Each structure stands twice: as structure tokens, then as C-alpha cells.
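Chains A and B supply the protein sequences, listed in that same order. Residue numbering for the first sequence follows the numbering used here, beginning at 1 and increasing consecutively. Residue numbering for the second sequence follows the numbering used here, beginning at 1 and increasing consecutively.
Don't take every hint at face value.
For identical chains, the list gives no copy identity; a pair is met inside one copy or between any two copies.
[As the list claims (entries may be wrong)] Keeping only pairs whose Cα atoms sit at most 30 Å apart, straight-line, the calculated DSS-like set for lysine-lysine is:
#: 1; residue 1: Lys153; residue 2: Lys95
#: 2; residue 1: Lys193; residue 2: Lys74
#: 3; residue 1: Lys74; residue 2: Lys194
#: 4; residue 1: Lys10; residue 2: Lys171
#: 5; residue 1: Lys95; residue 2: Lys171
#: 6; residue 1: Lys193; residue 2: Lys153
#: 7; residue 1: Lys151; residue 2: Lys176
#: 8; residue 1: Lys10; residue 2: Lys95
The hints are simulated quantities; they were obtained by calculation from the structure and are not laboratory data. For clarity, every value in this text was computed on a predicted model and none was experimentally measured.
Protein chains: 2
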Amino acid sequence: MRIDKSYSEKIMAQTLLEHTGLDETVVMEMVKSAPLRQCQKDEVIQLQGEPPQVATYFIISGCVRQYTSDENGKEITVRFYTEQTPINVSTFLDKDGLSHFSLSCIETCILAFCDDLEDDGSNDPPEIQALEQLFFRKQFSEMQVGLSDYKLKSPEERFQAFMTDQPELFKRIPQKYLASYLGITPESFSRFKKRFGS
Amino acid sequence: MRIDKSYSEKIMAQTLLEHTGLDETVVMEMVKSAPLRQCQKDEVIQLQGEPPQVATYFIISGCVRQYTSDENGKEITVRFYTEQTPINVSTFLDKDGLSHFSLSCIETCILAFCDDLEDDGSNDPPEIQALEQLFFRKQFSEMQVGLSDYKLKSPEERFQAFMTDQPELFKRIPQKYLASYLGITPESFSRFKKRFGS
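Required output: the full structure, derived from the provided sequences and hints.
As C-alpha cells, then:
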């Protein structure tokens, strides 16, 4: 499968035009300069403990999983990223510049490489900086709510809430990853699915 | 107790000078223009479900707790904020502009009111925008690690990690709030304390 460059550029341009006041010619120029890469299903694009290659990915198509594991090999899923979402890899870094998290593609993905690690974004046009800020705030808000929901809800309640609030993702993401995201054993997950699933 | 304005200004100026390349006269001018407020121990400065009064608080002294509760009255603690830390209240908002979270002072606090709700910060000097971005990224990183640690660790491991990694906060914060932050019942908390405490 080859990357459909004009489709990818259209998706990126759409996001930029929707959220910024930038002129279409400026947007098209920016979009054309972002390197694209196709990643295979199950490909690991960032490994925990390694320095990242890029500061930000932007997902054109596909779904990416952020996860981490402890010294005993226990693995949990932190979040899922889908179309038209940036992944701020630069926020994954520990004090030595190594990533706390791994990223892998749940599906075949097309990703745009948006920022170099050396580029802190301060030379971007103000509209782009504002857009990055907007996405960033949104993800920060979602993460706070996600964390408090995780603490407040029982595994059963987390299952029900995810199934109700994000039915598309619920169908799209393999059961084992959903279970490790929701902090539910695969056995309980199957049980809940039987009880609450349609 | 009156607010020690010159001390407060010194603390704020110190943070700004440390993290920005701004000139001292510019810093002092900014610092002098930020309204200060003293809040009492146990005072609730933001109520869940209410619109916020300010977009950002900056803590001069004291400790603030961010928490939320569900419809059954079950309450959990999301995080603690201490000296020289901003609280991004604008990231607490739901789609109707109401706060997902409450904030209360664990100790007598002195807070600076940094941004109006109407002011999105785009008129701030670039150095201040960069500083806000820096704090924001730091909190975002910490929250991701906090969320993944919470998922990975057992209640007992969470207790031990907090006691080891943040001994000052461990001593400073009342046991009931620490327990609701760590997702541990007060009974287990006492048991762990007896077992691991010195």
C-alpha cells in the first residue's frame, strides 16, 4: 500500500483550516513540507527507555496505543490516539530525555512527522502555536478527567462508561488493549462483555 | 495575618527570573500587577460544577488540593499543588465552561491571580507564554506518569512509592487526603503506615 499523499495533505489541511485563521496557501505550503510515513499494524514507533525521533506525530489515519511496563513486565495502556490527533512525544521524556512510554500502531497508520526534537516550536507561526496549545490543553483536560474517573469508578463502571461513551473505539480496539487500558483482567472483561454487550 | 506583599513579589519574581530571560524591571512590573489573596485553611476556592473566577492561580505559599466527587458523593483527590506552582483552572472546564474539579486549601495559602478568564494569554510577552508552556508541559508529563503509575502499582506499592519519592509532601498532607489520592482506604493507609513507617 502506497501513501496517498494528496489525501493525507487534505486531512492535515482540513484540521489546520478548521482551527486556525491561516490562509489556504500558507496551510498547503506547511502541509506539503511535513514528512509522511506509513507504519504497519503492530509496528512499534517509540520504545520505552529510548530517546524519541520526533517531538510530535500527527495521525492522518489509523490508531496508536501509548503504553508502559514496569520492571516485572506488567504492561498497562495509557491512552489511544486516532485520526486528526497529535501525539506529543516530547511530553513522554524523563529527565535524561528517554521516553517513559512506548507507542505502537494498532492498525496500519499514516503519520506526519510534525516537529523536530531540536525545534521547540517557537519559530512556528503564531496561529500554529495557538493550535498546538489548543490540542495540548484539550489532551491535558481529558487526561485529568480520565485519571479522576479511573480513581472514582470500579472496573465494572469503567467498562460500562467506555462502552457507552466511546462505542466506536470500543469496537475498533482489540479486547486485550481495552482491558489493559481500563485496568480489567481479560477474564473480567469477557464477563462484563457478556453481561452488558448487546 | 496580613499578606506580606514584598515577600510574595519576591517569590513570584524569583520564578520568573529563573525561567525566563526577562529583564528584572519588566518582571517586577508584572509581579506588582498580579492581585494577591490570602485563603484560609479548608477554604474552597473552586467548586465542582461552578464556573471558575480565574484562569490560573500561582501559589506563593501553602498547599492546594484538587478533588472531585461522583453522584454518590464518593470523593477522590486528583493532585496537590505547592509553592511556586501554577494551577491551570482553565483546563478543569467541561464543554459548558463549568469546573470538573474543586480546589481547597490544605493550609493557609497566599495565591496570585494570574490570568483573567477572558484573557487567553496571547497578549502576554513571548517569554511569559514560553514559561506557561514550560509549566504546562511539566504538569502534563507528570500527570501521564502519575496515571500510568496508578494503573501499574498496587495500593501498597503506591503508598511506598509516595512515601519514598515525596517524603516532604507525605509528612505535610493530612492522612485522609493522601489516602484518597493514592486510592487506599483509611484503614489500609494506617496499616501500611505501621508496616513501612519509621
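For each hint, the structure was consulted:
1. Proximity of Lys153 to Lys95 under the C-alpha cut-off of 30 Å is restricted to the inter-copy arrangement: shortest distance 21 Å between copies versus 32 Å within a copy.
2. Within a single copy, Lys193 and Lys74 get their C-alpha atoms as close as 23 Å, and across copies as close as 26 Å, so both meet the 30 Å cut-off.
3. In this homomeric assembly, Lys74 and Lys194 come within 30 Å of each other (Cα to Cα) both inside a single copy, at 26 Å, and across copies, at 28 Å.
4. In this homomeric assembly, Lys10 and Lys171 come within 30 Å of each other (Cα to Cα) only inside a single copy, at 27 Å, whereas the closest approach across copies is 55 Å.
5. With identical chains, the CA atoms of Lys95 and Lys171 are at most 30 Å apart between copies only, with a shortest distance of 25 Å across copies and 37 Å within one.
6. Both within a single protomer and between protomers do Lys193 and Lys153 lie at most 30 Å apart by alpha-carbon distance, with minima of 17 Å and 25 Å respectively.
7. For the identical chains of this complex, Lys151 and Lys176 are neighbours both inside a copy (21 Å) and across copies (15 Å), given an alpha-carbon limit of 30 Å.
8. In this assembly of identical chains, the alpha carbons of Lys10 and Lys95 lie at most 30 Å apart only when taken from different copies (28 Å versus 37 Å within one copy).
Hint violations for this structure: none, all hints satisfied.
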